[in-house]
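Required output: the full structure, derived from the provided sequences and hints.
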Amino acid sequence: RKEVEQDPGPFNVPEGATVAFNCTYSNSASQSFFWYRQDCRKEPKLLMSVYSSGNEDGRFTAQLNRASQYISLLIRDSKLSDSATYLCVVNGATGANNLFFGTGTRLTVIP
Amino acid sequence: DTAVSQTPKYLVTQMGNDKSIKCEQNLGHDTMYWYKQDSKKFLKIMFSYNNKELIINETVPNRFSPKSPDKAHLNLHINSLELGDSAVYFCASSWPGGGYGYTFGSGTRLTVV
Chain P
156 RKEVEQDPGP FNVPEGATVA FNCTYSNSAS QSFFWYRQDC RKEPKLLMSV
206 YSSGNEDGRF TAQLNRASQY ISLLIRDSKL SDSATYLCVV NGATGANNLF
256 FGTGTRLTVI P
Chain D
7 DTAVSQTPKY LVTQMGNDKS IKCEQNLGHD TMYWYKQDSK KFLKIMFSYN
57 NKELIINETV PNRFSPKSPD KAHLNLHINS LELGDSAVYF CASSWPGGGY
107 GYTFGSGTRL TVV
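Protein chains in written order, with my numbering: chain P, 156 to 266; chain D, 7 to 119.
Derived by calculation from the structure, the hints in this document are not laboratory data.
Be careful, since some hints might not be right.
As the list claims (entries may be wrong) - Taking lysine-lysine pairs in the DSBU-like style, the calculated list, with each CA pair at most 35 Å apart, reads:
id: 1; chain 1: D; residue 1: K42; chain 2: D; residue 2: K15
id: 2; chain 1: D; residue 1: K47; chain 2: P; residue 2: K234
id: 3; chain 1: P; residue 1: K200; chain 2: D; residue 2: K73
id: 4; chain 1: D; residue 1: K25; chain 2: P; residue 2: K197
id: 5; chain 1: D; residue 1: K58; chain 2: P; residue 2: K157
id: 6; chain 1: D; residue 1: K25; chain 2: P; residue 2: K200
id: 7; chain 1: D; residue 1: K28; chain 2: D; residue 2: K47
id: 8; chain 1: D; residue 1: K47; chain 2: P; residue 2: K197
id: 9; chain 1: P; residue 1: K234; chain 2: D; residue 2: K15
What you are looking at is a predicted structure, and each value in this text was computed from that prediction instead of being measured.
In structure tokens, the structure reads:
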């Protein structure tokens, strides 16, 4: 079983739409959770960390459900510039120097 | 200033050659990594160094040899390149434990012909 699984998409949504991505992780000992964004032919960049209580950064909201080992990312009022691949990322275990990346969910925002 | 810089950005070489990719970070991080992103876009860790000491060595062929002369540098040397080595190789750095996430370099696109 993969450490991190997410729906590869693609998601094609109109500007202004709300879109949600989900992922699940296999290691119940994982302590650090992130969403990264990767544009075509570029490096992954940290979008936001995901905290147990849920957290928001502008139009982006991240949620963590430890019991279900499930992470989500909600994007409100989608912009054309949000088009990218969104990677769900989880560390291996407490203190482990190893992040596991999901295969990513491709989002295209259409004018 | 670029936080994590890796060179070269593109590398095209023939099978059987030996090549190196260099990485440097100016963030003061203690931990550095090499990740490989294959044609299906899956990012997989290869190596991790903490303050010049190897701490993660995934099941990577021993043709791949990382070297960390100091905690700001992590280079990757590849011997006897094979077609299947074609991929994008990303260097990254972080604080120990990676709890604040990683910062990635811009990647080296390796094509073996």
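- Task: Take a quick look at whether K200 (chain P) and K73 (chain D) sit within 35 Å of each other, Cα to Cα.
- Result: holds (25 Å)
- Pair hint outcome, K58 (chain D) versus K157 (chain P) [Cα-Cα no greater than 35 Å]: This hinted pair holds, its Cα atoms lying about 29 Å apart.
- Item | Pair hint K25 (chain D) and K197 (chain P), alpha-carbon separation not exceeding 35 Å | holds (22 Å)
- Given pair status - K197 (chain P), K47 (chain D), alpha carbons within 35 Å: holds (11 Å)
- Message: Between the alpha carbons of K47 (chain D) and K234 (chain P), is the straight-line distance 35 Å or under?
- Response: holds (24 Å)
- Would you check the hint for K234 (chain P) and K15 (chain D), treating anything up to 35 Å between C-alpha atoms as holding? Holds, because 30 Å separates the two Cα atoms, which is no more than 35 Å.
- Task: Take a quick look at whether K25 (chain D) and K200 (chain P) sit within 35 Å of each other, Cα to Cα.
- Result: holds (27 Å)
- Below or equal to 35 Å on CA atoms is what counts here, so check K28 (chain D) against K47 (chain D). holds (22 Å)
- Query: Within 35 Å, alpha carbon to alpha carbon, are K42 (chain D) and K15 (chain D)?
  - Reply: Roughly 14 Å between the alpha carbons, so the hint for K42 (chain D) and K15 (chain D) holds.
When held up to the earlier numbered hints, the structure conflicts with none and fits them all.
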